[in-house]
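Undergrad: So you can see what is in the structure, the chains are spelled out below.
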Amino acid sequence: MNRLRLWLLAVGGAGLAALLVAACLDLPGFGGRHHPYGDRAVQASLARHTANTISSVNFDQRAYDTLGEMSILFAAVLGCVVLLRQARDEHRAPPEPAEVARPVRRYALLVLPVALVTGLYVVAHGQLSPGGGFQGGVVAATALHLLYLGADYGALERVRPLGVYETSDAVAVCAYLVLGLASVLAGTAFLANTLLPYGTFNTLSSGGAVPLLNAAVGMEVASAVVVLLAHFLDQAVEIEEEHGS
Amino acid sequence: MNGWILAATVALGGGGAAALWGVTTGPPARRVIAQNLTTSAFCPALLLLAQGYGRPAYVDLALLLALLGPVGTLVFARLLSDDLSAQDASAWGLTWTAAVLGAAAVVALCVAVGPGRAMVKLLVIGVLLIGGNVIASRALAGGFRGVRGG
Amino acid sequence: MADALIVVVLLLVAASATAAVAQRDPARQALVLSFLGTLLAALFTVLQAPDVGLSQLAVGSALTPLLIMLCVRKIRRRGRSKEDAR
Amino acid sequence: MTRRTAPRAVLLATGELLAWWAALALLWLVLITSVDTLERIVGASCAALGAILARLGRRAVTWR
Amino acid sequence: MSTVMHVLPYLVAAYVFLTGCYGLATSRNLVHAVGCLAVCQCATYVLLLAVGYRDGATAPVFSDIAPGSRPVVDPVVQALTLTDIVVGATVTALLLALVLQIAKRHGTVDPDELRELRG
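First to last, the protein sequences are chains B, R, G, A and F.
For the first sequence, full-length UniProt numbering begins at 1 and goes up steadily by one.
For the second sequence, full-length UniProt numbering begins at 1 and goes up steadily by one.
For the third sequence, full-length UniProt numbering begins at 1 and goes up steadily by one.
For the fourth sequence, full-length UniProt numbering begins at 1 and goes up steadily by one.
For the fifth sequence, full-length UniProt numbering begins at 1 and goes up steadily by one.
Treat the hints as calculated values from the structure; they're not laboratory data.
Please read all numbers here as calculations on a predicted model, not as lab measurements.
Take the hints with a grain of salt, since some may be wrong.
[Unchecked claim] Residues from chain G that keep clear of chain B, each with C-beta distances beyond 10 Å, as calculated:
#1 LEU11
#2 ALA14
#3 ALA15
#4 THR18
#5 ALA22
#6 ARG24
#7 ASP51
#8 GLY53
#9 LEU70
[To be verified] Here are the computed lysine to any residue pairs in the SDA-like style, where the Cα-Cα straight-line distance is at most 20 Å:
#10 LYS104/F to ARG85/B
#11 LYS104/F to ASP234/B
#12 LYS104/F to GLU241/B
#13 LYS104/F to GLY13/B
#14 LYS104/F to ALA14/G
#15 LYS104/F to ALA22/G
#16 LYS104/F to VAL81/B
The beta-carbon is built from N, C-alpha and C at its ideal position, and this holds for glycine as well.
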């Protein structure tokens with residue numbers, strides 16, 4: 001049976017490869033000058049005083065798509081929470097304190113706030129310099145787990161009350177929706193960036209609703225990643241099978 | 001012909017190929033060291049690219065790599081600590097040469113950038129990079145001896 | 001000059017993708033995937049996409065390896081407790 | 001007057017928080033390019049958040 | 001040299017995609033299969049960004065350059081790739097959670113052994 005499967009894979013792969021190469025040869029040359037969507041997106045972003053065009057595309061011109069992406073993230077984390085919960089035949093052993101080398105622990109305690117502030121900087125300046133809600137949120141969440149890497153899981157659990165992060169996850173998603181509905185109440189379209197003043201170019205308050213949506217997504221991604229890693233860490237470090245089973 | 005981009009090409013090509021070879025072959029201890037050295041090869045390369053392209057905004061990429069690179073190595077050091085404790089996973093020679101090369105790149109960039117906020121940012125990134133890599137190799141060399149792989 | 005840089009990084013990406021697939025042990029594959037993530041962040045910078053590079057760095061350097069290694073540890077620990085129980 | 005609310009402990013705690021806040025606010029000033037009032041406010045609040053987390057982290061690690 | 005350059009990024013993306021698919025099909029460990037799927041997704045990032053590139057252009061982020069002073073690459077493609085990366089990470093997490101469940105319920109992560117467990 002294995003030989004047939006490999007043979008089928010070879011034929012299918014060769015066919016796909018041939019089609020892909022034919023398609024690649026037909027694509028417009030790499031580095032070409034013709035980017036119609038790009039030029040229009042840059043004009044629209046500059047019209048709304050958003051310095052970072054990618055954030056403008058993500059949170060202003062295609063904000064509805066980012067709403068969909070955020071709900072994918074929310075649903076995936078929900079799925080993981082349901083899948084990785086503690087089953088009946090499992091018990092939760094308390095995490096034993098681990099002895100970590102002193103310089104490593106000091107490094108973790110030093111970089112923890114620095115990484116958090118850098119993550120918040122990346123979120124806050126999402127509509128100016130490269131960065132945004134997603135990148136900053138993941139950096140902030142990873143910063144929190146330096147406590148686990150630099151010390152032990154008990155230390156992380158003391159700092160990370162899981163209920164708070166689950167509610168902040170939900171609150172952030174609702175904040176994004178409320179920002180969208182606000183423009184509906186004001187008479188324009190859902191998630192349309194016509195409500196707030198666009199401010200002066202290249203300053204923190206520029207871009208109308210883009211920085212607020214950025215902050216909402218940043219908060220949602222940070223708490224979603226913390227909840228996700230919490231359940232993976234519980235499974236890997238704490239939850240054990242009943243040996244009798 | 002931009003000297004900065006040439007230096008970045010050498011760093012990315014040479015450092016990248018060496019790190020790839022190190023990560024894919026040899027005992028687990030040597031692989032994690034190669035992963036640690038990836039950060040110390042790519043972070044200066046990103047800084048050189050930022051200078052070569054004339055875009056100070058790209059420095060944030062190197063800042064994030066200087067922060068998260070060592071964290072990635074700590075992940076492997078901690079979760080592979082049973083495999084690492086068996087072998088001696090300390091390559092202090094490599095770590096210090098990479099640190100010196102990184103420092104040289106940062107100093108050259110500081111000279112090119114001139115005094116001001118940008119230079120301070122470069123120095124912060126340099127300190128984070130070298131500190132992170134030294135601590136990560138310290139963790140590899142036996143930082144998690146008391147940890148049963150988790 | 002920028003073309004040479006693009007070619008070098010693209011070939012490295014192809015090589016490390018092959019290495020990531022050829023590595024059958026998940027723990028060692030996580031190491032190669034972490035390297036591939038950092039390399040992709042460099043490629044995105046070369047292709048003038050810093051936002052995407054930041055996102056790949058944030059996700060690829062610490063989050064994905066941590067998830068894979070925790071999964072490997074849980075499966076390895078379950079295997080060990082299965083042998084003790086038998 | 002438990003150990004935690006003794007004036008000396010409160011002084012130490014605020015000292016540590018202030019030190020972390022100052023360092024992180026300085027880091028924020030280094031990271032940003034243009035400085036104006038809104039940047040300072042956001043920077044100060046992020047630095048405060050970082051200082052609180054730094055203190056919580058230290059206590060969580062040293063707490064036995 | 002430039003004719004090769006015109007098509008090289010697309011060919012690299014296609015090659016990485018095929019390599020990922022090969023790894024996915026012949027994997028004997030589900031965690032390894034999730035890694036190969038991540039490699040497949042990396043191919044889509046390379047393809048998307050290669051489509052949006054323009055020679056001698058820079059990123060459309062105007063925090064440190066004046067708008068219109070330099071040619072810029074396509075931002076729409078970059079926004080798509082950014083969404084791709086985030087969704088890729090969450091799909092990887094969900095698949096790993098499923099693999100943990102399979103390991104717990106069936107005691108194995110080898111797809112071939114799983115097939116024999118039925119019935």
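Undergrad: With reference to the structure, classify each hint as holding or not holding.
TA: How the hints compare with the structure:
1. LEU11: LEU11/G clear of chain B: closest Cβ-Cβ about 15 Å, beyond 10 Å.
2. ALA14: holds (14 Å)
3. ALA15: holds (18 Å)
4. THR18: Given that every Cβ of chain B is farther than 10 Å from that of THR18/G, nearest at about 14 Å, it holds.
5. ALA22: holds (16 Å)
6. ARG24: Its Cβ never comes within 10 Å of chain B, the nearest being 16 Å, so this holds.
7. ASP51: violated (5 Å)
8. GLY53: Per Cβ check, GLY53/G is inside 10 Å of chain B; nearest 8 Å; violated.
9. LEU70: violated (4 Å)
10. LYS104/F to ARG85/B: Holds: LYS104/F and ARG85/B sit about 12 Å apart, inside 20 Å.
11. LYS104/F to ASP234/B: holds (14 Å)
12. LYS104/F to GLU241/B: holds (9 Å)
13. LYS104/F to GLY13/B: Since the Cα atoms of LYS104/F and GLY13/B sit roughly 33 Å apart, the hinted pair is violated (cutoff 20 Å).
14. LYS104/F to ALA14/G: Violated. LYS104/F to ALA14/G sits at ~35 Å, over the 20 Å cutoff.
15. LYS104/F to ALA22/G: violated (26 Å)
16. LYS104/F to VAL81/B: Judged against 20 Å, a Cα distance of about 16 Å means the pair holds.
Violated hints for the displayed structure, listed by number in ascending order: 7, 8, 9, 13, 14 and 15.
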